[in-house]
Structure formats: C-alpha cells, structure tokens
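K.L.:
Now for the letters of each chain:
Number of protein chains: 2
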Amino acid sequence: MSSNAPCGTVLSPVITPFRDDLSPDATRFVDHCRWLMANDVGLAIFGTNSEANSLSLQERLELLDHLVAAGIDTARLMPGTGCCSIPDSVTLTRHAVSQGAGGVLMLPPFYYKGVSKEGLFRFYCEVIERVGDERLRLYLYHIPPVAQVPIGLGLIERLLKRYPEVVAGIKDSSGDWANTQAVIDAFGAQGFRVYAGSERFLLPTLRAGGVGCISATANVNPRAISALGAHWQDEDADANQQALNEIRDIFESVPMIPALKAATAHFGGDSAWNRLRPPLVSLDDGQRNKLLTALKRVGFSMPGLAE
Amino acid sequence: MSSNAPCGTVLSPVITPFRDDLSPDATRFVDHCRWLMANDVGLAIFGTNSEANSLSLQERLELLDHLVAAGIDTARLMPGTGCCSIPDSVTLTRHAVSQGAGGVLMLPPFYYKGVSKEGLFRFYCEVIERVGDERLRLYLYHIPPVAQVPIGLGLIERLLKRYPEVVAGIKDSSGDWANTQAVIDAFGAQGFRVYAGSERFLLPTLRAGGVGCISATANVNPRAISALGAHWQDEDADANQQALNEIRDIFESVPMIPALKAATAHFGGDSAWNRLRPPLVSLDDGQRNKLLTALKRVGFSMPGLAE
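Listed in order, the protein sequences are those of chains P and R. Numbering-wise (my numbering), the first sequence opens with residue 863 and increments by one. Numbering-wise (my numbering), the second sequence opens with residue 863 and increments by one.
If you're looking for bench data, these hints aren't it; they were derived computationally from the structure. Among these hints, one or two may not hold up.
[As the list claims (entries may be wrong)] Here are the simulated DSBU-like pairs of lysine-lysine, each with C-alpha atoms no more than 30 Å apart in a straight line: (1) R:K975 x P:K1152; (2) R:K975 x P:K1023; (3) P:K1152 x R:K979; (4) P:K979 x R:K975; (5) P:K979 x R:K1152; (6) R:K1023 x P:K975; (7) R:K1023 x R:K975; (8) R:K979 x P:K975.
Note that the coordinates shown come from a computational prediction; the quantities given were computed from them, not determined experimentally.
Can you build the whole structure from these sequences, using the hints too?
P.N.:
In structure tokens, the structure reads:
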C-alpha cells in the first residue's frame, strides 16, 4: 500500500448483493469484500456502483456494521456518505468515522441543479463541523455525469484552506483527464490525494502525481488493477494498462452496474448476484450473452470467487 | 373544492422554515400551513420548493406529525414521498397514508440518469405493493429540469393499467404546455388528475380538462391563485390569469425558493423565514432589493400572514 494513500491505491465501489425480497444480503456482501481485500483492493462501499442511493440510511448503517463485525480492516474502508441532506450526510459520516473508516467519499447534494458555489461550500462545511471529529478524512466525489452537480477547483481550494487536515482528496469520475490533471497540478503537491474514477486513467494518474483509482471494474478485475497500482513503474506498465483497458471496454459495452453483477454471478457460480434494485435492472439475455462471450474470448476469470 | 380534485384545485409546495441552527421550525410551519388553508390552498408539503430533499427522513415524519397534531385537515395534504430508494419512499408513503393524507406526490428515483422505462415502472410498482394500502392515492411528479428523470406517457399508461385506483394523477413541472396537454388528452377522461406545476398554466389546464396547479408561488400569492381556480369560468378569468403571471414573473426574476422565503419574511415581518439549508442560500441584498421593489410597485401583499 502506497504510504501517501492510507486507504490504498486501488479501491472498488463494492457492488451490493440483494436477497430475493431485495433486502441487502450481508453475508454475500462480507464475502465479496473479503475477496476484494484478498486481491489488494480497498473498499469504497456505498458508491454509485454499489446502488448506495437505492439503500435506506438504516441499511447502510447496518451493512457497515456487518463488515466491522466480520473483522474487515476498517482502515481500508472509504464508505460513500454524501446525501442530499445535511443531517443524513452527518449521520452516515459520523458512523463511518466512529467505526474507524480510513476515509469517506462524499457526493455533493445532488437534487437541486445549478446550485451556487457558496451553497456547496456551506453544505460541506456544515457536514464537517457537525461531524466534528478530527479523525475524519473526507474525499470529495466529483461525478458530474450522474450527480449533475460538479465539484470545481474553486470549491476544493476553499475547503482545503479551511479544513486542511480533513479534506483529504477527491475521486474524479468526470471521465475528463484534463480535469484530473488540473486537480493534481493544483493540489497534489500539498498532499491532496487524487483518485481517478476509472482504471483507464490509473497509469496517467500515478505518473502525474495522483494516488490511484476507485473503479467499478475493480469489483471484477481486482488483481490485475491492483497489480498495476503496485508496479506502475515497471517496464511493462503500459502493456498492463492496455490489458486493463480491454477488459474495461467489454464491461462498458453494456450497462455497467448490472454487468458487474452478471459477471460476479457467472464467474462465482451464484446467480443471486444478478439482482438489482429498481430503478436499475439486470442485463437482458442479449446483453448478458454479449458480455460473457466477450469476456470468455479474452480468457477472463475471477479466481477465488467461488471458493 | 372541485369534486374531481379531492386535495383541492390549488396546492402549494409549502416552504419549510428553519431555526437558527437549521433545524425545522414546526411552529412556523404549522402557522404557514394554516394561513395557506385559510386562503383555500392545499398542502403539497415536502416538495421541491419545500427543500424536502434537504431534510432527513425523520424530520419529514416529524413535521407531518406536527401538522396532524395541530388539527390540519389531512385530506388536503399531498406530501412529497418520493426518494431515491424504495425503502425510504415506502416509509414516507406509508406514514402519509396512515395519517390520512389525501394523496402523495412521488418523485421518480433521481440519482441514476438514463434509467430504463422498465426500471422506473418497477420502482413505482415496488413502492405501491410494499405500501399495500388501498387508501393510497399516488400522484406522479414529473419535473425533468430538476430530477432529470422524466415520467413519460408510456409509464403513466402502464401504471394506470396495473393500479387504476391508486395512480391518481400527476404534477407536471416540465414547464412544457404541450406535454401537459398531451397527458390530459391521453388520460384525463378516465379520471387521471393533471396538475400544472405553475399557476402560469392554471387556466389552460382547467380549460383543457386538468384539475388545477401545484405551484411554488401559491406560498405567497395563495388567495389570487385559488380564486382563479374557483372562478375560472368567469368572464374576467383571462385578466386574472394575466395578473397572476405578472406576480410570477417577479418571483422568477430571482432564485425562486429563497425568493419565496424572502417575501414571506418581509411581508410577514419575520426575518427567520430567510433561512435556507445549504446547498441553497438566501437571496443576496441586490436580489432581495430587486424582488421587494418590484413587488411593492405592483401593490403586492400577503394579508393575514403577520396576524
């Protein structure tokens, strides 16, 4: 684990398994987390790919408690705790910190669009002040294609100035490398930890001075991604990045979240993983066939998952 | 009250007052609701203009309980109960129904963008089935500029076919009259109740066979709007619609939600109303001056508010 990234170099927004009645399946969740950790991938539970916003507050609290009770290394946890409301964000953040999470990943409030920079700044300030815990390490979550509320450089600068110890980094899921580069250039030197939102940018991010990636496909391809994170200065790094991209391309050829679950169900031999909560739905037969055929063609597997 | 609109012809997404520490102010909330009811405006509490998504689930439950305890006519209540998650939407909806709310206004799950029609359909089905109460009257909330997840005619048709008694109507906040007209034309004859999302469309909606409007500015201009709703077949209806539009224009000249609060604070002589929860912020001095100057120029007032 890189010393400048306490939560690790590569994290996964852990997919959330559901029972037949759509309740969260804590047992399968813990198992999947253990498998990811065994592949040196940290746990950004309750992210976009975790269907976190399809869970209630209480369900998130309980799933985190299950991980802690199962003995997962909480320092490698970076739960998503950003909600539309200040009180919900405070509740989740305070709980994560009290359970020893190495960081939290915080969406901006995402209901209102076109909100002012001042309003976003005050939102984060209110949450930080109300949590009021010096152990808090807050990572901003910039994902404009989904949240539609961007986190710009000016906001980062103001927050870093007011809370230099707390505001620890960012996950940039803009898909815009120029933005990732700009954030690293502006704040990387002062220890602000920049994670790319996809392993597609892992090597560029590390070479530019960022710390790693938090990526959907780390749910299914954890070993190869974490290996590049650990050995990015080796001679074969570019070839390994290219290999990661090819797997990523396959997953991106169908809807990502159900694709992650379909692959986990198939390669782990456990069809329960195919369940999603509405408004998300499973892959249809054509999509599933397209995904699995392409994965088998390149010899993809998920070793150790079914053990 | 029109017989084909049990919750009333004109409703207001009731603005939510906050105390100095940003906690909800139940006393002022009840007072404002009473004033609206006295002006023949129903209570679409927990709407977009209520900053509902800036409240926690618990805060919403408690505020509704305060209204019930205060003796408000619950048949005129149409609380917003749509959240990103099925369990939270079920909790709020079940509570509203159990408290006797005449209807609920349900946002689609609004975190994920570009979700499938099938996924949206299943979301609403899951909520309806899990609430499992034949008293439920569900109004769909179509507000694509904010939620970014539209409710199309195909979804309405499928839901109406499966739950003809439960699916009662829609609030169309698209701002697109052609869409409102299309929904009325398609489903109005079978008793599906269409509310425009602004009093700007009140007269066209009523003339086309819709039932009324649920409008932000009904918070501040309730008597004139409800009067047009009651007397829309009178000779002076077009002139009265024009007068409503002029007031609406003034409020739309600055950010709407803080404008509603600024007017309530000013004309009610109670500056506590100026508070908003981040990410929303109060009007700045220039905006407030612009708003109040324009309102005074046209002789605007909010009679009875300060009594």
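K.L.:
Are the hints correct? Go through all of them and say.
P.N.:
Structure-based check of each hint:
About 23 Å separates the Cα atoms of K975 (chain R) and K1152 (chain P), which keeps this hinted pair within 30 Å; it holds. In summary, the hint linking K975 (chain R) to K1023 (chain P) is not supported, as the alpha carbons are separated by about 33 Å, beyond the 30 Å threshold. For the proposed pair K1152 (chain P) and K979 (chain R), the alpha carbon gap of about 22 Å is at most 30 Å, so the pair holds. A hinted pair counts as satisfied when its Cα atoms are at most 30 Å apart, and K979 (chain P) with K975 (chain R) qualifies at roughly 23 Å.
Straight-line distance between C-alpha atoms of K979 (chain P) and K1152 (chain R) comes to about 22 Å, which keeps the hinted pair within the 30 Å bound. A distance of roughly 33 Å separates the Cα atoms of K1023 (chain R) and K975 (chain P); the hinted pair therefore is violated under the 30 Å criterion. Using a Cα cut-off of 30 Å, the hinted pair K1023 (chain R) and K975 (chain R) holds, with the two alpha carbons roughly 25 Å apart. Restraint check: the Cα-Cα separation between K979 (chain R) and K975 (chain P) comes to about 23 Å, which is no more than 30 Å; the hinted pair holds.
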